[in-house]
Structures are given as structure tokens and as C-alpha cells.
Amino acid sequence: MQIRLGYELVYRCPQRTPMILTLNVHYSRVSDLLGPDHIRTEPAVPVIAYRDGFGNWCSRLVAPPGDIRITADTTINDSGLLDAVDPTAVQHAVEDLPSETLVYLQGSRYCETDRLSETAWSLFGQTPLGWPRVQAISDFVHQHITFGYQYSRATKTALEAYQERTGVCRDFTHLAVAFCRCMNIPARYCTGYLGDIGIPASPEPMDFSAWLEVYLSGRWHTLDPRNRVPRIGRVLIAQGRDAADVPLSNTFGPATLTGFRVWADEVGV
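Numbering (the working numbering), first residue to last: -12 to 256.
No lab work stands behind these hints: they were computed from the structure. Treat the hints with care, since some could be wrong.
[As the list claims (entries may be wrong)] Label pairs and their in silico Cβ distance ranges:
{"#": "1", "residue 1": "ASP39", "residue 2": "ARG102", "range": "26 to 34 Å"}
{"#": "2", "residue 1": "ALA31", "residue 2": "VAL90", "range": "32 to 40 Å"}
{"#": "3", "residue 1": "GLY22", "residue 2": "PRO190", "range": "27 to 35 Å"}
{"#": "4", "residue 1": "SER189", "residue 2": "ARG3", "range": "21 to 29 Å"}
{"#": "5", "residue 1": "PRO115", "residue 2": "ARG248", "range": "27 to 35 Å"}
{"#": "6", "residue 1": "ASP101", "residue 2": "PRO241", "range": "33 to 41 Å"}
{"#": "7", "residue 1": "HIS25", "residue 2": "ARG152", "range": "39 to 47 Å"}
{"#": "8", "residue 1": "VAL72", "residue 2": "GLN137", "range": "29 to 37 Å"}
{"#": "9", "residue 1": "VAL49", "residue 2": "PRO115", "range": "33 to 41 Å"}
Owing to the predicted nature of the structure, the values given are computational and were not obtained by experimental measurement. Yeah, the Cβ is synthetic: ideal placement off N, Cα and C, and Gly gets one too.
Use the sequences and the hints to build the structure in full.
This is the structure in C-alpha cells:
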């Protein structure tokens, strides 16, 4: 199948404002693109690209005073398959984990493993290792948190999401990431596109989505506690320890987001 995806962001800046954008499709999916997802701006400004420490493709620009429109629109090939599920995936002993996964066992800005460890072990300490344990974590988070855009807060942490029992997809993800790490399972935060493909269309405007990947049986597996069930058409943008590593936009000065659209629609439907 093919998916048309893109975004339109409009910022109002009272002065020249440097920005870092993490909006390009992840390098692991670049070969699926039918056209480049270059960032375009109105007015036109120079855009400089670089890779961050996690391999994500980032872009730098300086927005002029006034409004700036940032957009991209392209089409990508997709398998059309549901997220893979592997109930037999096993958990590795910490001493057997590859060195590059160890950073995803540690606490981070929004995932306070030190403050959630006791809770995690009381909730999941008796669950079977491996896939059944991460599934139990995903199920618990899905049931524990009530979803609602009115509950969104940029500073909300995993612990606060657990205590408040409300949030958006990033809060579901942060709490599941923290619980997995507490249980010695490497987990990383992911952001990207997830349209309403294969399910009834949501009445809410589309947003970028967050989910996590866990390391079991020698590879990374997708887990989505917000939606709980496997989905079709997930397109990765960036990965990191938590949302602090993969902000879609980071502005170094005053900037007001005055326009926001995201799309990821199956072509021909």
C-alpha cells in the first residue's frame, strides 16, 4: 500500500528565532519514500540538516520575525501489515544485552525509573519474563490512563501520568517505557505518523503519535499502550530515551504555534 503523509506548521515569531526540527522520516524508512520529504518554508530560509546522537535526521533554521510556514508532503510505500507481535520473544539477562541497548535501561528526563521501580516490581514482578511481561505493562498502562487532549502538558512525567491517571499518547509511552526499564527491559521512545488506516476514522484532528520499542530476542519490537492493538501504517520519524530527545520542534526564543496539520492517509481510499 501507499500512504500520503506530511504536515503544515505555522509559527509566529516576534524576532529572529533559531529552530531545530525533527520532522523527517527515519533513515530506516527512507528507501520506502516515493519522493523526498524535504522541509519547505514560507518565506524561504536556509535549512541545514544533521544527524543527532541517536541517528535521527534533524534540521536547523532561523525563522524571521513574523509568520513562518513549515511543511512537507510526500508518499511512502508500506507493507500494509499490522504491527508484528511475537508472544515467544524472550527477555535477555542484563549482562547479555548489547552495549548499545544499555542507555535504554537508564532513567531519563520524563521516565523516572528510580521513583517508579518499587511500583513496577509490585505490579509486574510475578508476570512471566519476555513478551508476556511487556504485554502486561502495555495492558496496565492502557487501562490506567484516560486519554484526552485536554490532559496534555509538556512537562508531565511518567510518574505524574501514573499518579494523575490522564494523558496523551506521549504519557502512555513514557509510563510504559519507565516500567519496562524498571523491569530490566530496554525500552526507547518513538515518534512518527500513525493515521486511521484499517480502523474507523477518528473525529479528532490528526496529530503526530508516540509509541515505544522494547528489546527482546535480539531485536526491537513495537509496543503501543495508547492503542493497545497492532495497527497498520506506522511510519517512524525519530527514536530516543524519551520525548526530550525527539521534540518535533525546538525553538530558541519566543514562538507561538498558530497553525498545525498532520496527515497520513492511504492513497486511493
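Violating hint indices (sorted, rising)
Failing hints, ascending: 4, 5 and 9.
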